[in-house]
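Peer 1: The opening residue of the sequence shown carries number -17 in this note's numbering; numbering runs sequentially from there.
No lab work stands behind these hints, which were simulated from the structure alone. The structure displayed is predicted, hence computed values, not measured ones. Heads up, some of the hints might be wrong.
Claimed, not checked - What follows is a set of in silico ranges between Cβ atoms, one per label pair, in the way DEER data are often shown: (1) SER523 <-> ARG756: 42 to 48 Å; (2) THR596 <-> LYS806: 35 to 41 Å; (3) GLY890 <-> LEU803: 23 to 29 Å; (4) ILE297 <-> GLU83: 26 to 32 Å; (5) GLU768 <-> SER734: 31 to 37 Å; (6) THR596 <-> ASP616: 27 to 33 Å; (7) ASN223 <-> PHE136: 21 to 27 Å; (8) ASP141 <-> ASN386: 51 to 57 Å; (9) MET356 <-> VAL324: 24 to 30 Å.
What the hints assert, rightly or not - Mimicking DSBU-like on lysine-lysine, the simulated pairs with C-alpha atoms at most 30 Å apart in a straight line are: (10) LYS520 <-> LYS800; (11) LYS577 <-> LYS231; (12) LYS856 <-> LYS800; (13) LYS369 <-> LYS464; (14) LYS885 <-> LYS800; (15) LYS859 <-> LYS517; (16) LYS782 <-> LYS652; (17) LYS806 <-> LYS782; (18) LYS631 <-> LYS464; (19) LYS417 <-> LYS517; (20) LYS174 <-> LYS513; (21) LYS771 <-> LYS464; (22) LYS517 <-> LYS631; (23) LYS510 <-> LYS532; (24) LYS771 <-> LYS577; (25) LYS144 <-> LYS158; (26) LYS517 <-> LYS579; (27) LYS144 <-> LYS78; (28) LYS785 <-> LYS577; (29) LYS771 <-> LYS785; (30) LYS464 <-> LYS407; (31) LYS577 <-> LYS631; (32) LYS785 <-> LYS885; (33) LYS174 <-> LYS243; (34) LYS771 <-> LYS861; (35) LYS861 <-> LYS577; (36) LYS513 <-> LYS859; (37) LYS861 <-> LYS631; (38) LYS73 <-> LYS144; (39) LYS346 <-> LYS369; (40) LYS231 <-> LYS520.
No residue lacks a Cβ here, since even glycine has one placed at the ideal position from N, Cα and C.
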Amino acid sequence: MGMDSTLKSSPLRSFSPMRVEEGVSSKEEKPSAPTFADRIAQIFNKNVDTTPASSVEVPDISEFSESENPAVSENKSEEQFSTIDFEEIMKSMETKELGHEVPTNLPGGVVLDQLYSIAPGELNSLLFSPDSSFMRSVADVQGSTELNLGAWDFENGSDSLKRVITYIKAPSKLIKALKATEEQTYMIADGKAFAVLASVSTPDAPYGKTFKAEVLYCITQGPELPSGEQSSRLVVSWRMNFLQSTMMKGMIEGGARQGIKESFEQYQKLLSQNVKLADVKEMGSEKDQVLASLQVEHQSDWKLVVQYFTNFTVISSIFMGLYVLVHIWLAMPSTIQGLEFVGLDLPDSIGELIVCGVLVLQGKRVLELISRFMQARVRRGSDHGIKAQGEGWLLTVALIEGSNLAAVDSHGFSDPYAVFTCNGKTRTSSIKFQKSDPLWNEIFEFDAMDEPPSVLDVEVFDFDRPFDDATSLGRAEINFLKTNISELSDVWIPIQGKLAQACQSKLHLRVFLNNNRGSNVVIDYLTKMEKEVGKKIKLRSPQTNFAFQKLFALPPEEFLINDFACHLKRRMPLQGRLFLSARIIGFHADLFGHKTKFFFLWEDIEDIQVIPPTLSSMGSPIIIMTLWPGRGFDARHGARTQDAEGRLKFHFHSFVSFNMAQRTIMVLWKARALTPEQKVQIVEDESEANSIQIAEEEAIAKNLLPVEEIEAKSLQVVDEESEAKSLLTEESGSSLGAEDINMFMVYSSVLSLPTSFFMELFRGSEIDRRVMERAGCLNYSHSPWESEKQDVYQRQLYYKFDKRISRYRGEVTSTQQKSRLSGKNGWLIEEVMTLHGVPLGDFFTLHLRYQVEDLPSRSVGCNVEVYFGITWSKDSKQKKRITKNILSNLQDRLTVMFSVLEKEYVSGT
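All chains should be modelled from the sequences, with the hints used to inform the complete structure.
Peer 2: In structure tokens, the structure reads:
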């Protein structure tokens, strides 16, 4: 029931495209002579007949009944069917061998998958019996008219049971009412499972003669209900079957996908009003239902022998062997001659020598086939059925089937088997002999893991010999961090590799990841990490974890462990935050409106090194993370360098708490990348060092002033809701961008010096160094100004506070950006500062904005305004007190700086 109505129809009219075609050519609605749109369609369609789509004659059973009254046609159909009862036909179908396996879902996707409290046979009768009113109800809901249900009949006396349905699809805004012909064919009907393939053609639709829409209805027996009643599972899938090549294929499929989805939502709603839905909670989880429906294909040894050895090599060898045996029986014994003696009969001619060689080669090949078959039989048993042990994250993989697997032998087939690898553990499937489209239906379970896995690798091999290197037919990778686990419950995975891509090989998998330890899995993991890190790790709230997941588009099972303010070293250091979780390490920054965000897996890291402080790192140690070759390319925009082997290197420095950050990073990396034996050894080696570090920190804590002690303890009383808001603020891009921060003026004055001399404070000159040292900034260093974009420059600063400014003599890393004031003779300098080595320095970031411009009324003088803002990455009860102390200190330092600058100008003049 085509076009737009097709997209929003029941199965009676959901199989023809599509609303996208309405926009392609609305002029094709006219059934008259060829139009301009018809000629355009002929250009897009290859090998298309020049006759317009509307005038093509398509064999249609409905043509014989169009002139009849619809009611008469319906009565006629019922009378025709009354001679043979539908139930009797179904019983006769059980005795016919249409097929022993339920067809696989069509590649277009599954649009309905539901369990119903009804026996499979009863559901089949409801949907497809001519006596059922359900089909007519669907047509009424969808607005279809002139519905004519043909009688079920065996086509041309064969075992194929078919019927033809015709109807008129409801018109849409752009497409008139269209006649559709639907042909339904039973593919399996054994009493327990039913499969009906419906093929719908709408030749009068735009491009309608280039395709048919196909929908597969599969009814299988579901799990037994607690009440003892039977249940049925109805799965509906679809695809577009293109009869001719067309350039509009992508648009047709895209429009059909949404339309069919909407139509089957209505279909499912109407069906649920007629049949009670099964209670999924009572019958177990979706995983149990799906896995229970899988049945491993059992094939007798004799069938395998016949299938494997029925080839030219074996048959020709048997024939030649019999031929030689008959010859020996008929031939007379030869006399001993030449170098022969009793027991040694040598060839007497070149021809005999060649024949002997051929026989030996044939025998060798047959023996190799027999040896290969016997070895494969020994290995035929797989890891299917081995139950997982332990508590934690359980990974279950159901290998359903393969499609278009590459052939590596001369017979055009392979002997494939699959190997799954996750967290260093492998599971192997059985070998399928001589199959390019093997059916496995095997289930593999991995033992419980403390943390959720990151990646599942699957590689398909062709079995050759037990001691030869297996030929890889291709491999695939499932990244659990980039894929929602619910989407993996029924998925086709394309296989990568030269052979696989040439054949467009795919694997049909069903993957389930469950946690059987409940909410304790996060607490237990953090407790284990605390013992290795040597410090308390705070459990983050659900709001914070949700913000973290949203920031990096992570699945809901990922949880944040810790985060640190730091700099990412590239051409210019980039100030941001490093986020650590059980599976990833991520970086996020938003500096002056430039956003940077990436993450990679712990397993991607080959090595982590710590190098001593350098001038370029502003006096801070640098953590260098080197990735394995070919890994982490999604994050390559954050890498410092890439070596000749293709390994990315990431540099991080200027951590507020370097020791804590380094220990946490090393522990999390080793927990994911090292073997259990290596982990135990490292924990023992570091336990003593950790205890010494803790003792030193306790000694420092005792020397804190009461106020500072309160501030340090506020680390333990973070308001989680506010922290989550801060994290969401970072995601929205306002964390480090000064334009989005609430800034207020802290200094305003008219200085008796020109703007050009004031800018010496930001040029890296000797005046700059002297002014900063007089203001209490020791070991002052800076990078040269570098152009970020047109008329915008950026540099990095590093210095230490004098003890009269800070008791802890903390360090400062700062990023400055300068640009011209638009329409004015002046400059705008923006600065982002991070404090290191002071209590709660990791909780906030400081923002300054200097605005200076010449005064037109004075020959020498400039107006200076300084604005201040602070952003909090974590909340603290000491917010107001910290802000007040910083503000007071800043105003005093600005007064000293500008006073010294004026004296420098006077002395210079």
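Peer 1: Determine for every hint whether it applies to the structure shown.
Peer 2: Against the structure, the hints come out as follows:
1. SER523 <-> ARG756: 42 to 48 Å: holds (46 Å)
2. THR596 <-> LYS806: 35 to 41 Å: holds (39 Å)
3. GLY890 <-> LEU803: 23 to 29 Å: At 25 Å between Cβs, range holds.
4. ILE297 <-> GLU83: 26 to 32 Å: holds (29 Å)
5. GLU768 <-> SER734: 31 to 37 Å: Hint holds: Cβ distance 32 Å, inside 31 to 37 Å.
6. THR596 <-> ASP616: 27 to 33 Å: holds (29 Å)
7. ASN223 <-> PHE136: 21 to 27 Å: holds (23 Å)
8. ASP141 <-> ASN386: 51 to 57 Å: violated (28 Å)
9. MET356 <-> VAL324: 24 to 30 Å: For MET356 and VAL324 the Cβ distance comes to about 36 Å; the hint is violated.
10. LYS520 <-> LYS800: violated (39 Å)
11. LYS577 <-> LYS231: Not satisfied, since the Cα-Cα distance of roughly 38 Å exceeds 30 Å.
12. LYS856 <-> LYS800: holds (29 Å)
13. LYS369 <-> LYS464: At roughly 27 Å apart (the allowed maximum being 30 Å), LYS464 and LYS369 satisfy the hint.
14. LYS885 <-> LYS800: Holds, at roughly 24 Å.
15. LYS859 <-> LYS517: holds (22 Å)
16. LYS782 <-> LYS652: Distance of about 34 Å is beyond 30 Å: violated.
17. LYS806 <-> LYS782: violated (35 Å)
18. LYS631 <-> LYS464: holds (22 Å)
19. LYS417 <-> LYS517: violated (56 Å)
20. LYS174 <-> LYS513: violated (56 Å)
21. LYS771 <-> LYS464: violated (33 Å)
22. LYS517 <-> LYS631: holds (28 Å)
23. LYS510 <-> LYS532: OK: LYS510 and LYS532 at ~26 Å, within 30 Å.
24. LYS771 <-> LYS577: With Cα atoms ~15 Å apart, LYS771 and LYS577 stay inside 30 Å; holds.
25. LYS144 <-> LYS158: holds (29 Å)
26. LYS517 <-> LYS579: Roughly 28 Å separates the two Cα atoms, so the pair holds.
27. LYS144 <-> LYS78: holds (15 Å)
28. LYS785 <-> LYS577: Since the Cα atoms of LYS785 and LYS577 sit roughly 36 Å apart, the hinted pair is violated (cutoff 30 Å).
29. LYS771 <-> LYS785: Violated, because 38 Å separates the two Cα atoms, which is more than 30 Å.
30. LYS464 <-> LYS407: holds (21 Å)
31. LYS577 <-> LYS631: holds (20 Å)
32. LYS785 <-> LYS885: The hint holds at about 24 Å.
33. LYS174 <-> LYS243: holds (27 Å)
34. LYS771 <-> LYS861: violated (36 Å)
35. LYS861 <-> LYS577: With Cα atoms ~27 Å apart, LYS861 and LYS577 stay inside 30 Å; holds.
36. LYS513 <-> LYS859: holds (28 Å)
37. LYS861 <-> LYS631: violated (37 Å)
38. LYS73 <-> LYS144: holds (16 Å)
39. LYS346 <-> LYS369: violated (42 Å)
40. LYS231 <-> LYS520: violated (54 Å)
The structure fails to meet hints 8, 9, 10, 11, 16, 17, 19, 20, 21, 28, 29, 34, 37, 39, 40 from the earlier list, while all remaining hints are met.
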